[in-house]
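*Asks:* UniProt numbering numbers the first residue of the sequence shown as 1 and each following residue consecutively.
Hint data in this document are derived by calculation from the structure and do not stem from the laboratory. Note that beta-carbon positions come from the ideal geometry of N, C-alpha and C, so glycine has one too. Be aware that a few hints might be false.
Unchecked claim - Here are the in silico distance ranges between beta carbons for each label pair: (1) V105 / R242: 22 to 28 Å; (2) D123 / H11: 32 to 38 Å; (3) V140 / A71: 22 to 28 Å; (4) V140 / E215: 20 to 26 Å; (5) T213 / H11: 24 to 30 Å; (6) G170 / H11: 14 to 20 Å; (7) M1 / Q211: 22 to 28 Å; (8) A203 / A235: 36 to 42 Å.
To be verified - Under the rule of at most 25 Å between Cα atoms (straight-line distance), these lysine-lysine pairs were calculated in the DSS-like manner: (9) K198 / K148; (10) K75 / K181; (11) K208 / K163.
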Amino acid sequence: MPLMPGAEPYHHEAGQIGVLLCHGFTGTPQSLRPWGEYLAGHGVSVSLPRQPGHGTKWQEMNRTRWDDWYAEVEKAFADLQGRCAEVFVAGLSLGGCLALRLAEVHGSAIRGVMVVNPSIANDVPLMRLAPLLKWFVPSVPGVANDVKKPGVRELAYSRTPVKAAASLPGLWSLVQADLAKVTQPLLVFHSTEDHVVKPTSVAIIRAKVPQATIEELTDSYHVATLDNDADRIFAGSLDFIRTHASVPLQRD
1 MPLMPGAEPY HHEAGQIGVL LCHGFTGTPQ SLRPWGEYLA GHGVSVSLPR
51 QPGHGTKWQE MNRTRWDDWY AEVEKAFADL QGRCAEVFVA GLSLGGCLAL
101 RLAEVHGSAI RGVMVVNPSI ANDVPLMRLA PLLKWFVPSV PGVANDVKKP
151 GVRELAYSRT PVKAAASLPG LWSLVQADLA KVTQPLLVFH STEDHVVKPT
201 SVAIIRAKVP QATIEELTDS YHVATLDNDA DRIFAGSLDF IRTHASVPLQ
251 RD
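I would like the entire structure built from these sequences, with the hints used as guidance.
*Replies:* Here's what the structure looks like:
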């Protein structure tokens, strides 16, 4: 099925430090590409895969589930691990949830975790109904383009595929149950005004991951990687990598 223009995955080969970037639910690599290009410009090897069912049509996404998306980021992680001395993982929204799951599963093989407005809790009433709704409606209005900055748009579906969404509680429950396994350094960027993910997710992380550093973003909505605080996220993540990596960046 043809891709939306701009939804292509992004990869950059650089030094011994690799970063895996995970995009969000119904989104595409476009939402994280500026972040990836920034890191690549500072000597980081970057992998930004497109998850199955994303970047084409929402109807195709209804044929996928959370384990399909996780399998894709697992594959990308294994590839980076084979090419880099150290690997960090990062993600936006549900991509942050996938990054945390990777950290839970792989432990010390992951050097650090960076997430932006992570979604790890079933805190939206409509989402709680998804397991029932999937038998009656194929899609509901989408959650894309929560961006404060004028003239910026997220490349994502305008509809939320309900069958795909109905699989999310299983992932959220799994990630929450294993959060104590996240022992790596963790940097969380949290928009104080977010119309997609409620503060519940960050509150859970704050309570269960004591080493987490929470950075509040006051001038961005949910898709902060495309918003007014993007430069702060990019620079902050690079500093985080420099602090916690044991090998030098290609251009340091």
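*Asks:* List in ascending order the numbers of the hints, as given earlier, that are violated by the structure.
*Replies:* The structure breaks hints 4, 6, 7, 8 and 11; every other hint is satisfied.
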